[in-house]
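Residue numbers (this note's numbering), protein chains in the order written: chain R, 1 to 377; chain G, 1 to 422; chain L, 1 to 346.
Worth flagging that the hints you see were computed from the coordinates, not collected in a lab. Since the structure is predicted, the reported quantities are computational estimates derived from the model, not experimental observations. For glycine and all other residues, C-beta sits at the position ideal for the given N, C-alpha and C. Not one of these hints is a red herring.
Using 20 Å as the maximum straight-line C-alpha spacing, the simulated EDC-like pairs for lysine to aspartate or glutamate come out as follows: (1) Lys-346(L) to Asp-242(L); (2) Lys-305(L) to Glu-270(L); (3) Lys-362(R) to Glu-160(G); (4) Lys-173(L) to Asp-106(G); (5) Lys-63(L) to Asp-163(R); (6) Lys-305(L) to Glu-260(L); (7) Lys-83(L) to Asp-163(R); (8) Lys-85(L) to Asp-163(R); (9) Lys-216(L) to Glu-79(R); (10) Lys-85(L) to Glu-108(R); (11) Lys-178(L) to Glu-100(G); (12) Lys-171(L) to Glu-92(G); (13) Lys-61(L) to Asp-335(R); (14) Lys-61(L) to Asp-107(R); (15) Lys-171(L) to Asp-106(G); (16) Lys-216(L) to Asp-335(R); (17) Lys-312(R) to Glu-160(G); (18) Lys-38(L) to Asp-163(R); (19) Lys-249(L) to Asp-117(L).
Covered stretches of chain L (chain G as the covering partner; in silico rule of three or more C-beta atoms under 8 Å from a C-beta of chain G): (20) 95-105; (21) 174-183; (22) 190-199.
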Amino acid sequence: MTDHTLAAAPTAHVASPRSTAQPPPSDSVPLVRWLRQNFFGSVSSTISSIVFVLLLIYFVPGFIRWALIDAVWMTADHEVCRAASGACWAVIREKHRPMLFGVYPYDEHWRLVLALTMYLGTVIITMQRRFWDVRILIPLWLFTLVAVGILLWGGVFGLTFVDTTQWGGLPLTMVLFTGTVVIGLPIAVLLALGRQSKLPLVKAVCVTLIECLRGVPLITILFVAVNVFPLFLPQGVELNKLLRVMVGMAIFFACYQAEVIRGGLQAIPRGQHEAAASLGLSYWQSTSRIVLPQALRICLPGMVNHIIAALKNTSFVLIIGLFDILTATTAVMEDPLWRRFFVEAYLFVALVYFVFCFALSKYSQNVEVWLNEGRNR
Amino acid sequence: MTLADTRCVPQSRQDDCSSMAQQTEDRFKVSPGPGMASFSLPSLLYSSAVRGVLYQAALLLLVVACGYYLYENVTSNLESQGIATGFGFLDESAGFDIGESLIAYDSANTYARALAVGILNTLTVSACGIALATLLGGMIGIMRVSTNWFAAKFSSAFVEVVRNVPVVLHVIFWGAFLRNLPGPRQSFSLGDGVFLNNRGLIFAVPEYNPIYAWVGAALLVALCASIAYGRYAMRHREKTGRQLPTVLPVLAMLTGLPLLVWASGGFPLQWDTPVFRGFNFRGGSLLSPEFIGLLIGITVYTAGFIAEIVRAGIQSVPRGQIEAARSLGLRPGWIMRYVTIPQALRVIVPPTTSQYLSLTKNSSLGVLIGYPDLVNVGNTTLNQTGQAVEAIAIMMTVYLLISLTISLFMNIYNQAIALKER
Amino acid sequence: MYQQKAVKITAIAGFVAGVFMAAPSYAADGPTMAAVKKRGEILCGVHQGRYGFAIADSQGKYKGLDVDFCRAVAAAVLGDSEKVKYIPMSSVQRFPALQSGEIDMLSRTTTVTLTRDASLGLNFGPPTFYTGTGFMVRKSTNATKVDDLDGATICVLPGSTTEKNIAALFKSKSITYKPVVIENQKAMVGAYFSERCDVMSMDQAGLPGHQMFDAKNPDDHLILDGVFSKEPLAIGVRQGDDQWYDIIKWVTYVTFNAEEYGITSANVDEMRNSKDPNIQLMVGKGTKTGEKLGLDSDWAYRVVKQVGNYKEIYERNFGEKSPLKLPRGVNKLWTDGGLLYGFPIK
Numbered sequence: 001m002t003d004h005t006l007a008a009a010p011t012a013h014v015a016s017p018r019s020t021a022q023p024p025p026s027d028s029v030p031l032v033r034w035l036r037q038n039f040f041g042s043v044s045s046t047i048s049s050i051v052f053v054l055l056l057i058y059f060v061p062g063f064i065r066w067a068l069i070d071a072v073w074m075t076a077d078h079e080v081c082r083a084a085s086g087a088c089w090a091v092i093r094e095k096h097r098p099m100l101f102g103v104y105p106y107d108e109h110w111r112l113v114l115a116l117t118m119y120l121g122t123v124i125i126t127m128q129r130r131f132w133d134v135r136i137l138i139p140l141w142l143f144t145l146v147a148v149g150i151l152l153w154g155g156v157f158g159l160t161f162v163d164t165t166q167w168g169g170l171p172l173t174m175v176l177f178t179g180t181v182v183i184g185l186p187i188a189v190l191l192a193l194g195r196q197s198k199l200p201l202v203k204a205v206c207v208t209l210i211e212c213l214r215g216v217p218l219i220t221i222l223f224v225a226v227n228v229f230p231l232f233l234p235q236g237v238e239l240n241k242l243l244r245v246m247v248g249m250a251i252f253f254a255c256y257q258a259e260v261i262r263g264g265l266q267a268i269p270r271g272q273h274e275a276a277a278s279l280g281l282s283y284w285q286s287t288s289r290i291v292l293p294q295a296l297r298i299c300l301p302g303m304v305n306h307i308i309a310a311l312k313n314t315s316f317v318l319i320i321g322l323f324d325i326l327t328a329t330t331a332v333m334e335d336p337l338w339r340r341f342f343v344e345a346y347l348f349v350a351l352v353y354f355v356f357c358f359a360l361s362k363y364s365q366n367v368e369v370w371l372n373e374g375r376n377r
Numbered sequence: 001m002t003l004a005d006t007r008c009v010p011q012s013r014q015d016d017c018s019s020m021a022q023q024t025e026d027r028f029k030v031s032p033g034p035g036m037a038s039f040s041l042p043s044l045l046y047s048s049a050v051r052g053v054l055y056q057a058a059l060l061l062l063v064v065a066c067g068y069y070l071y072e073n074v075t076s077n078l079e080s081q082g083i084a085t086g087f088g089f090l091d092e093s094a095g096f097d098i099g100e101s102l103i104a105y106d107s108a109n110t111y112a113r114a115l116a117v118g119i120l121n122t123l124t125v126s127a128c129g130i131a132l133a134t135l136l137g138g139m140i141g142i143m144r145v146s147t148n149w150f151a152a153k154f155s156s157a158f159v160e161v162v163r164n165v166p167v168v169l170h171v172i173f174w175g176a177f178l179r180n181l182p183g184p185r186q187s188f189s190l191g192d193g194v195f196l197n198n199r200g201l202i203f204a205v206p207e208y209n210p211i212y213a214w215v216g217a218a219l220l221v222a223l224c225a226s227i228a229y230g231r232y233a234m235r236h237r238e239k240t241g242r243q244l245p246t247v248l249p250v251l252a253m254l255t256g257l258p259l260l261v262w263a264s265g266g267f268p269l270q271w272d273t274p275v276f277r278g279f280n281f282r283g284g285s286l287l288s289p290e291f292i293g294l295l296i297g298i299t300v301y302t303a304g305f306i307a308e309i310v311r312a313g314i315q316s317v318p319r320g321q322i323e324a325a326r327s328l329g330l331r332p333g334w335i336m337r338y339v340t341i342p343q344a345l346r347v348i349v350p351p352t353t354s355q356y357l358s359l360t361k362n363s364s365l366g367v368l369i370g371y372p373d374l375v376n377v378g379n380t381t382l383n384q385t386g387q388a389v390e391a392i393a394i395m396m397t398v399y400l401l402i403s404l405t406i407s408l409f410m411n412i413y414n415q416a417i418a419l420k421e422r
Numbered sequence: 001m002y003q004q005k006a007v008k009i010t011a012i013a014g015f016v017a018g019v020f021m022a023a024p025s026y027a028a029d030g031p032t033m034a035a036v037k038k039r040g041e042i043l044c045g046v047h048q049g050r051y052g053f054a055i056a057d058s059q060g061k062y063k064g065l066d067v068d069f070c071r072a073v074a075a076a077v078l079g080d081s082e083k084v085k086y087i088p089m090s091s092v093q094r095f096p097a098l099q100s101g102e103i104d105m106l107s108r109t110t111t112v113t114l115t116r117d118a119s120l121g122l123n124f125g126p127p128t129f130y131t132g133t134g135f136m137v138r139k140s141t142n143a144t145k146v147d148d149l150d151g152a153t154i155c156v157l158p159g160s161t162t163e164k165n166i167a168a169l170f171k172s173k174s175i176t177y178k179p180v181v182i183e184n185q186k187a188m189v190g191a192y193f194s195e196r197c198d199v200m201s202m203d204q205a206g207l208p209g210h211q212m213f214d215a216k217n218p219d220d221h222l223i224l225d226g227v228f229s230k231e232p233l234a235i236g237v238r239q240g241d242d243q244w245y246d247i248i249k250w251v252t253y254v255t256f257n258a259e260e261y262g263i264t265s266a267n268v269d270e271m272r273n274s275k276d277p278n279i280q281l282m283v284g285k286g287t288k289t290g291e292k293l294g295l296d297s298d299w300a301y302r303v304v305k306q307v308g309n310y311k312e313i314y315e316r317n318f319g320e321k322s323p324l325k326l327p328r329g330v331n332k333l334w335t336d337g338g339l340l341y342g343f344p345i346k
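Looking at chain R on its own, in the form it has when it is part of the complex (with noise of 0.2 Å):
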């Protein structure tokens, strides 16, 4: 597989003698140059085509079987999904209120659907690039906030209380994600010029920080958060096990993101400070009017693939035993009447963080082009 590995799009657009050689192109043509392009280019691509029609003639089929026709899609009893040959995505039916809402109170689920379809409307206004204004995008997202908030803790409004520890599920990894962001973002930036800063001890302390937390695995910082920061308190003092894990995510997160703007700030040309402190402007108005915005603009795929990231590191929360919407569902799968169709339930779950991390970074490519709409004039 050495000779057709190298990308060949752009000798479609050269005519290449071979091809002026092709008889006058005709209706069928562009159809067989398609097939033989992607398919005969060369020995080894032909090997490699017959492979894998090979192959997907011997799976394709018994895959289909397996997820479409032998499965049961609709049971409440294990033994007709134990007597089925393929899948049983009952299960995902029979299991979906446990598996997406964790231990939250049965009866108030509702309020759960309602604060998710809120927090997705809001969501998928701020992508829409005609809202884009603080005007609208700060109220909304403050009301949002505090409507999620109502609806997932209630005391008020005749809602009952829900304590923190038994939220779970989807709306968990929403939370979880959401704080980390919202908390990680601005240290990551504080972070990021402190490490470009031209004081040594800033730098110092900002280095320190970054490589050594960049340096251990998630969950250990989980671990200090839940089981080792109370240690650090005075006596009496408590602080919600929720909100300890989101921080530690959050600085966690804002680590990496610190890098990634870093590089921004580094691609930033220097004519650009010197510019900007010519005007008499100080180092935080350059900063946050000057170097920031056009740092942010360059590295947001960086930075939009470490929200991505943020996403999928909820998960870890699975270690220190908060109900995300994983958590659920592995406790859901030790159920012992269902739990031989663990595949379903955990190809469910793949498929929710999947639709979310991918429209994430699908939409973020399409921001890139927006934002550079302006520059290549």
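We have chain R already, so just place chains G and L on it with the hints.
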């Protein structure tokens, strides 16, 4: 100043900006900045040097105060509750067993040795993971730039799916998958003497024979000789422009020499074959399902990222380079070997390093499925001794050291392959 | 209501007692007591899911023997056995959580050992349950005693005394085993039932529940006869808070003594009028025993009224009416030949 103004500053209206900067610079020369000439207090405060010192003093004060505050709290908390402190527990007998270990370990050994077992297990699974993820990621990455439609689409789907699902889920899934394989009595038999069941992958291994040590030595000698020959061939080519055959002689050396040594002992080979007895297979070698599950999980996840890095690396090589090489009449294999790969590596190595680091850190997820890695053993230690602060500090320090070591080696490698400016 | 009253009475009674009596009493609340009163609920660390000791039902409500002792303490201290927040803990999380103050009391099948008592900074109340390491195997393996387990793979929770007991037991018998250590309780149990392990080991009293509720077919499994270690399970509290420790200790004794004197949740109201001084001092109206602990005079009455005596607690969670139907064994009163011996409440 609005965003529109800042846009003026960069390239878009370069002339205006540069002339403006020029003007300011002129003005600057006429009247030196405040704080340089006068020493009055307010102007002293505006001096960036003084302010820098102030900022740093404030930061220092803050860091020291925070540190002191936390230290005071933790010592007073530990003291008032009579919690033991210090690392004295490391010398005590651990009293628990560990499922898999590279070094001899027994419940009578110390906590320090138990932790060493954990560290070695972490290193084992990380090293295997790094090797496999590089291999798999490299393959998928090359497939992504393939002209073959199947290869390109398959690898691209693989990358998207794998990267957008959390590594925790990967590990949990494979852990659960292997745990739910049939039991030892209904093992899958994969060839002769290789069994897969929910106790792991059990395979026959040759029983030890003194000649094997010599075979190993012969292999080492052959390896050194191959490298020396490769260097010689390169110098020869540089001098004469002619390529000596390398592949065949090297292969012959690498296989021939060990075979020769083995033959001198009369091809001794006694298999230690696993046999089902009592609860489980006895004999042979075993890879536990926890090990395999963790390995597959972190390998597949990291491979997705490495594939993207490899793709970007290959695509970063300017097309002109390859066309130029072609026009020189180089064979495709040579183009790959001497033109594409050396240049792509420069782009590939730095981000791959951070993938290796994150794979190593993700190996700590073994605790989820019961692989006795550092975190798992550390957890047990924490619980048996109750010394959470010390146990977690040990874990973090070890991971930090591993990370720094990997970074160091990868930096050396990176420097070795970096562009040598003439 | 109770709470405010309790505070007032405690303050006055504590003051009077402090001045006039030489007996130990608490003029001011200790840190845990103060925090509990301020919060209005007790944070009780319980098991993630062990039948009979602590298990959440489908509504998320916790039930079990360990849970009942949390409720008993809440009844004594706050006047309402429902004022408890249960915090499920893994075996690894439990001690740091208690040390760091995340929970006020640890009622989670915790064995008392010298190391835990001395170097973990903990104090343990009187044992609330005596058990020992037990083994569950699949009948298909034909194992009936520990000696048959040579070469077996054993699923166990990390950091439990069980983990150490097995190591010692198998060593003494010169047989081998392979531990599979999984922190998550459900994952560990799941590993056994999906046949990753041949044997599951934990406190013997915990095994019947898993056999009954987690096995596809309970008859396929066997709990080996014999008890292989001493596992006195007790409530743990932080060192350095004597008042809270005393409360835990004496609330536990109330449940023992109530059984001894035949006081149940049903008859406690009549028993208040009993002439027996032992009963009077414990649950009688206006008894001074509670004041000495910094509680009000109805403390023991409420424990029995709201939670019951030890027999009621046991029957509810392990007895004939419960699904587990575990014989009481040594968990009987000393008068019946058991190990439960309530110290005099005088």
